[in-house]
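Following the hints, position chain R against chain X.
Protein sequence lines, in the order shown, are assigned to chains X and R.
The first sequence: position 285 = 285 (the numbering used here), numbered continuously.
The second sequence: position 83 = 83 (the numbering used here), numbered continuously.
No lab work stands behind these hints, which were simulated from the structure alone.
Please note that the accuracy of each hint is not assured.
One copy or two, it doesn't matter: identical chains are merged, so the pair holds either way.
[What the hints assert, rightly or not] Each computed SDA-like pair below joins lysine to any residue, with the alpha-carbon atoms no more than 20 Å apart: (1) Lys3 / Phe61; (2) Lys3 / Pro326; (3) Lys186 / Glu254; (4) Lys150 / Gly45; (5) Lys206 / Thr294; (6) Lys149 / Arg47; (7) Lys21 / Thr321; (8) Lys149 / Ser43.
This is what each chain is made of:
Number of protein chains: 2
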Amino acid sequence: MDKIELSHGFGGSQTGELINKLIFEILYSEKDHFNGNDGAVLSAGERVALSTDSFVVSPLFFGEKSIGHLCVAGSVNDVLTCGAVPKYLTLSFIIEEGFEIESLKKILSDIKEECQKNSVRIVTGDTKVVPQGLCDGIYINTACLGEIKKIFSPKNIKPGDKILLSGTIGDHEAYLTILRNNLPFKSHIESDVAGLSPVLVPLLEKNFNIKAMRDPTRGGLATTLNELSSQCGYDFVVEDRKIPINDEVKAFCEITGLDKYTFASEGKMIIFVDPSDEKELLFYLKSYDNNAETIGEVTAETTGRVFLKTLVGTRILPMPTSGNLPRIC
Amino acid sequence: MDKIELSHGFGGSQTGELINKLIFEILYSEKDHFNGNDGAVLSAGERVALSTDSFVVSPLFFGEKSIGHLCVAGSVNDVLTCGAVPKYLTLSFIIEEGFEIESLKKILSDIKEECQKNSVRIVTGDTKVVPQGLCDGIYINTACLGEIKKIFSPKNIKPGDKILLSGTIGDHEAYLTILRNNLPFKSHIESDVAGLSPVLVPLLEKNFNIKAMRDPTRGGLATTLNELSSQCGYDFVVEDRKIPINDEVKAFCEITGLDKYTFASEGKMIIFVDPSDEKELLFYLKSYDNNAETIGEVTAETTGRVFLKTLVGTRILPMPTSGNLPRIC
Chain X
1 MDKIELSHGF GGSQTGELIN KLIFEILYSE KDHFNGNDGA VLSAGERVAL
51 STDSFVVSPL FFGEKSIGHL CVAGSVNDVL TCGAVPKYLT LSFIIEEGFE
101 IESLKKILSD IKEECQKNSV RIVTGDTKVV PQGLCDGIYI NTACLGEIKK
151 IFSPKNIKPG DKILLSGTIG DHEAYLTILR NNLPFKSHIE SDVAGLSPVL
201 VPLLEKNFNI KAMRDPTRGG LATTLNELSS QCGYDFVVED RKIPINDEVK
251 AFCEITGLDK YTFASEGKMI IFVDPSDEKE LLFYLKSYDN NAETIGEVTA
301 ETTGRVFLKT LVGTRILPMP TSGNLPRIC
Chain R
1 MDKIELSHGF GGSQTGELIN KLIFEILYSE KDHFNGNDGA VLSAGERVAL
51 STDSFVVSPL FFGEKSIGHL CVAGSVNDVL TCGAVPKYLT LSFIIEEGFE
101 IESLKKILSD IKEECQKNSV RIVTGDTKVV PQGLCDGIYI NTACLGEIKK
151 IFSPKNIKPG DKILLSGTIG DHEAYLTILR NNLPFKSHIE SDVAGLSPVL
201 VPLLEKNFNI KAMRDPTRGG LATTLNELSS QCGYDFVVED RKIPINDEVK
251 AFCEITGLDK YTFASEGKMI IFVDPSDEKE LLFYLKSYDN NAETIGEVTA
301 ETTGRVFLKT LVGTRILPMP TSGNLPRIC
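With the rest of the complex left out, here is chain X (with noise of 0.2 Å):
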């Protein structure tokens, strides 16, 4: 078998051989890991964490990454955003009738390794194969299960918090911005997608006083701030100059005319903290990723706006109407 057939959507015994003899095979190194039900008993604590996304990223595979380690990535960081240790994540496919069965190995490589960076493990999926053009190649959706450690809320931003971000953005969008359009644009930009645990994890253990966290994705910081200043209810002001950005992404934006500020990371985290630990998780982020930086501050005004300081000024970060290319994630 070198390409996926429609029978192997069928739920019979070649649908068993594509889940036991293939996607089993690369994902388990134990074969007790999956119990053959439709579904997964698992001991997650009291209180759970819950996040669910679908990807549909073109093209499949951007440099050293792939759907495979982003479609992990994705829901762990939204687990990471509610306080929880992230744990067990649900894998569920729609292929494309004649999608390669080798494309289809790199991709379970690459969930296996993204899952043991993060320490989580695949409990149950799904399999379904849709006839030819009726998808492009392969989605992917995963839901991921965590257990709660501390609550983090936009509720509970106040004015006067610190607003952090955990290293550059915009590298994920840039380059499949790049790759997507064959821009004769050479540089070192690669996609940023990761799995937060490793930083995380170690964070909610410690005592700092964090209010609130989000990924910068679908729609970059501007779309990220806007939403959490909104569910809030206090402004932001944040530093252009001390926005961490890539030197190459920031050129290529220039270059381009695209808005950096709507650029999508897939493997950073902005952090809303208590003044009085400011130096202390900056110093911690900046053990991990040296771009790390304070960006701004939570403003006791109640107009819903974010607000960016420049060097000629002090103007408002809107929320995106549009964004710049569709399936990044």
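Leaving out everything else, chain R in the frame of chain X:
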């Protein structure tokens, strides 16, 4: 707005409008059901069950039912098979550019209806939009989280256990086959899509010695019984004349030559129970659906096969190698 546009998937203000003004308005009666985070914080007991399914059914609307009912029922029923009370649902859309907003509204209403019937609540979700031609209208993924009440597992199945079926088989796939092929077959066949919480949740509180449950979806009764037989290690014998089937579904299969035992149901359950509890369980199931029946039992043989007793002798009921129709769920 009357059609989905690509910009509804960019994560900016148009995505916010779609989610807040359309999806939330239909799904939630009270505003405070959603916390505005990327994940949901939930209480679900120490032990939980988690299931996931992606739905790519065609057509999207079939008789009184739709992909909206199906995407709730499918994941709910999978959680029930784990011995858990379904409580929370994630909801993730992949929508094709140009999809009619009216159709989306109808699907959302159906989702709400099925959630209410099954006392489950949608707690988090995701919406992606793909360009025209890369999806067939809409694909939906759900994951369901439930609270464990009993431990069901194929490993618990022992020789002598009785095999019960909660109602007629094959209605869903028979109806879709007629619809998809525009067959001139006049009948009263309807899809049986239904979440089984109303029937099975009260059962989880009773003291029946139930060993395992499985819903005979894709691949039908033949697939499900063969999977369970190979998982528990014992052979099963089921009786042809006892297996409940709608007369018209049976006639349809006889006319077309299709195998009724490979036809999917979407609102039925196969239940394995200790023989001492058979009668009372059957009585209970019949109070919900008079077609419920004891269809066979587990034998002490360990050849990993399922046998079908017919009027003219006993034959093997094999695992189907492929299916009848793609995209029935």
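Right, here's what the structure says about each hint:
1. Proximity of Lys3 and Phe61 under a CA criterion of 20 Å is satisfied intra-copy only: 18 Å inside one chain copy versus 31 Å between copies.
2. Taking identical chains as interchangeable, the C-alpha atoms of Lys3 and Pro326 lie at most 20 Å apart only when they sit on different chains, with a minimum of 17 Å there against 27 Å within one chain.
3. Taking identical chains as interchangeable, the C-alpha atoms of Lys186 and Glu254 lie at most 20 Å apart only when both belong to the same chain, with a minimum of 15 Å there against 65 Å between chains.
4. Proximity of Lys150 to Gly45 under the C-alpha cut-off of 20 Å is found in both arrangements, the shortest distances being 13 Å within a copy and 18 Å between copies.
5. Taking the closest pair of Cα atoms, Lys206 and Thr294 come within 20 Å of each other only inside a single copy of the chain (19 Å); across copies the shortest separation is 57 Å, beyond that limit.
6. In the homo-oligomer, the alpha carbons of Lys149 and Arg47 lie at most 20 Å apart both inside one protomer (9 Å) and across protomers (17 Å), since each shortest distance falls under that limit.
7. Taking the closest pair of Cα atoms, Lys21 and Thr321 come within 20 Å of each other only across two copies (15 Å); inside a single copy the shortest separation is 46 Å, beyond that limit.
8. Taking the closest pair of Cα atoms, Lys149 and Ser43 come within 20 Å of each other both inside a single copy (15 Å) and across two copies (13 Å).
Of the numbered hints given earlier, the model fails none.
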